[in-house]
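Each residue of the sequence shown is one higher than the last, beginning at 1 in full-length UniProt numbering.
Please note that the accuracy of each hint is not assured.
[To be verified] For lysine-lysine, the following DSBU-like pairs were computed, each having C-alpha atoms within a straight-line distance of at most 30 Å:
1. K849 - K616
2. K515 - K430
3. K87 - K587
4. K462 - K42
5. K616 - K655
6. K711 - K587
7. K515 - K587
8. K87 - K462
[Unchecked claim] Label-pair ranges, simulated between beta-carbon atoms:
9. D218 - A196: 48 to 56 Å
10. V896 - Q334: 45 to 53 Å
11. Y536 - P853: 51 to 59 Å
Treat the hints as calculated values from the structure; they're not laboratory data. Just so you know, these numbers come straight off a predicted model, no measurement behind them. Ideal placement from N, C-alpha and C gives every residue a C-beta, glycine not left out.
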Amino acid sequence: MASPENKAPKGPIAWMAGNSVAANLVMIVLLVGGLIFGFQIKQEVFPEFSLDTVSISVSYPGASPEEVEQGVILAVEQAVQGLDGVKEVTSSSAEGSGSVQVEALEGANLQKLAQDIKTEVDRISSFPEEAEDPVISEVSHTREVLSVMVYGDQPQVTLREVAEQLREELLADTGITQVELAEVSDLQISIEVPQAKLRAHGLTLQEVADRLGEASVDLPGGGIKADSGEILVRMKERRDYGQDFARTPIVTGSDGTQVLLEDIATVIDGFEDDDIVTTYDGMPAVRLQVYRVGTQTPITVSDAVHRQLETFEQRLPDSVHVEVLNDMSEVFSQRMDLLLTNGYMGLVLVFVFLALFLEPRLAFWVAMGIPISFLGSFLILTAVGVSINMITMFAFLISLGIVVDDAIVVGENVFTMRQQGMPPLQAAIKGAQSIAMPVVFSVLTNIVAFLPLMFVPGVMGKIFWSIPVVVISVFSISLVESLFVLPAHLAHLKEGHRSRIMLWITRYQERVANKLLHFIRNGYRPFLDWSMQWRYAVVALGIGLLALTGAFVMSGRLGFTLMPKVESDYAYVEAELPYGSAVERSKTVLTRLEAAAERVRDANGGDRLVEGINAKIGGEGRDVSGTHVVKIRVYLTPADQRPISTDEFVARWRKEAGTIPGLETISFAADKGGPGAGEALEFELSHSDVTTLESAASALADALEQYPRVKDVDDGFSPGKRQLDFTITPAGTSLGLTAEDVARQVRAAYYGTEVLRQQRGRNEIKVVVRRPENERVSEYDLEELMVMTPSGTEVPLREVVDIKQGRAYTVIKRRDGRRVLSVTADVTPRDQASQVMNAVMKDVLPGLKAQYPGLSCTMQGKQADMSESVTSLMTGLLLAMLCIYALLAIPFQSYVQPLIIMVCIPFGAVGAVFGHILMGYSISLMSLLGIVALSGVVVNDSLVFIEFANSRRKLGHCAHDAVLEAGTARFRPILLTTLTTFSGLAPMILETSRQARFLIPMALSLGFGILFATLITLILVPSLYMILDDFLLWFRRVFSRSEAVAESSASSQR
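Construct the entire structure; sequences and hints are all you get.
Written out as structure tokens, the structure reads:
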């Protein structure tokens, strides 16, 4: 006779259920350890990531784009093109500078590639002498926390001094590490010497520059080892300011008299001649950018800035003001509040639903799985280097409802066994062990479903990589908690004295549970029996619904966009005049656009609508920087406070501004920056002939203009500045002049001769000697420039060179060695961009390629990103479904039954589409991410359903009775998992804040997909199970008939 010990349940689940101390210690470790690591984990607004790109920038002052291309870019491209790990090489040549972007292959070692690039570029010996050293850097996502605008009715020099003083005080705070001045000109000491003064003293600009360089010296001279100790020797003739240089002797006569620099030149201690103009609310401004570094959080950096500003503002004159703009810590705090609020609401809803159908104490321990899993996941996230940011916060929201599914199944099974009269410990052990297999495999399918999100290529993949890491960590901890911690708590729930309130709650819960049981027996069970009798009609109806949904999506009526439309708190306009336009023309355009924005503001609530207007002349345009670029950003009040939306403001601003003559392009926008930013359409054209390329780009732009939903079309080509090309004449050669001699003297007069560069405080300052501005304003001045011959005589430039007029390029762009032009356009509404793109590719591009043989055209920008991401997701979804099939086939030991379960996946997508239609959202990449994740979640209920039916078949039940029992027994846990999952996501789905708009589509896919998949599990899956049984019975009959015929034939032969 076996001893009682031998009959006791065995295994880790039984051991943990019987050892409450061990279970409690595991829970405490997860909770306390999670809290400790949670306070240490890095916090940031957006995840840090490398863009897998190495940038090589070379400054070539005064050079035209063609000179930059020929002298710099071609050499760099040739040097890096064949390196291992290089995916693509793009370049841009502009006036005075050029850059090459080297994109690495996926998975390549970026640090090694950057080092290899540096080695190859350092070997280049053909760079022009005037070109500066290349700057090689890895391109990465910036970590700006906020901007501080210093503005007022003061000169730019004064505002810059105030801004630099503020920067020093900010950096003195231990909570702030990096502060940079933005949108400011570089410091420069310009020494302007008139030609008459040079001729009077027999000087050249180069000689003046040499004497200034020799006079500004700060060099150590060693030391004297005296008896009293070592004494350092140093020459200190360093000059930091313009007034220091002005007192420098340039000419010394034989009698000792000196001619100082100030006697022959004007010394200007100011800025480079880039004419950058920055204003805020119509007044000159300087902007400071504050960044987060290391373990600093956005909130601590922002708090430190505001703390310093409180004291700094008190010392400012009345005419100077400071204002904090674009504070990303507010976004971070809002997203954190959103997570916590929705988390609390979701947790309460989950507990309420559990308490309605299970007893409250059991519901409490099941719901405790949420905080245990969330806090426990911090132990894993800290180890793998994941931070708390807007993306990971969303991942926790996704996990909120799903995470307790396994605990619900275990808890409900234990509850059922206790209702059958089992003691608490025995019910906890048997309930957990009997359901452990489907629980483990359901969690594994969840994990597999999220894995494709880890392998999305490009920037989108780097942004969303942390979502599956967070979700998988939470699910892993949840599995441990549901199988090893939860049973121990449920095993020790004992009946004791209950208060009056608890008795009332228990009676109410029992009434709800009995009503649900009555519905299952008298409502769902008969309907299930009826649907199985009409199983072929039910399946046909399901297939028809799936086909209709697919056709609706393919029609484009629902719309598709890369990222969900999120109302911005900013409105933008960017206008470009012809390259080389006078700055006064740019100021006229700026004034008109700024006045239009002010009129819209005044007519729609004033300060309730607009917080400030930041305008700028200069900086980066479409392709090249310059004073022909005008940018204005309007800072709007929060969405819940402003009387009109950002889109409406932009529309009224566009109308109020009207048509502005003389512009190359103008673009109004409300959603610059962030994932999916950029123009809705971007086509990149390439051809070996530049003229053909420009004609094709113009033709494509004209074709895009014909589409009614397309606006802000840009053909990518802008005529460059007028250019005077000169070549040396035989007369010049006879005087001993060379082309280099002439070029250097012209460059010295117009661009200037650089004396030196040195640090002045935190800024690098350049000292330049050149001709005065009034001698550099006309072609006549150039022709009359006196050129020094080797013999010391002077001749006008016009006598030694031929001068011809031409036009330089604005910018030269190349991709993998070929010149390219980008044609861009916007689409309203943006979710129709895919339809326009398809129409252009079908109706326009074939004719364009036929008209211009040799033309190549590729998608770039948002559409290319979307295509790449969608292709990757579909591939990942296919692989995930294969893995899910394998995970289902193993426990069922069947090749066919997993297919029944996986039918829920496409129907989950049907529910996701219905959710988007109901809530008025277009399909986006976030929606697809939700559908991919949904593929693992929706199979969980079907897995439990089929597993129960199989267990009844093993006991001798027929298929019909087994399915009826499975539906009756598993209706409650299926309903609970569905309600808790949807209730966990419901606060996010119904959220109205701007922060939630970016996240809602994924929540819609998961929430409504699970709701619809539940109906499929309870109705369609049983019908499919019966159809499979019909098929197997038919196959057996056919097979047995064939065997009978074979045996009969054998008998007759005998």
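Now for the hints, and whether the structure bears them out:
no.	hint	in the structure
1	K849 - K616	violated (40 Å)
2	K515 - K430	holds (27 Å)
3	K87 - K587	violated (42 Å)
4	K462 - K42	holds (17 Å)
5	K616 - K655	holds (21 Å)
6	K711 - K587	holds (25 Å)
7	K515 - K587	violated (75 Å)
8	K87 - K462	holds (17 Å)
9	D218 - A196: 48 to 56 Å	violated (33 Å)
10	V896 - Q334: 45 to 53 Å	holds (50 Å)
11	Y536 - P853: 51 to 59 Å	holds (57 Å)
Of the numbered hints stated above, those contradicted by the structure are hints 1, 3, 7, 9, listed in ascending order.
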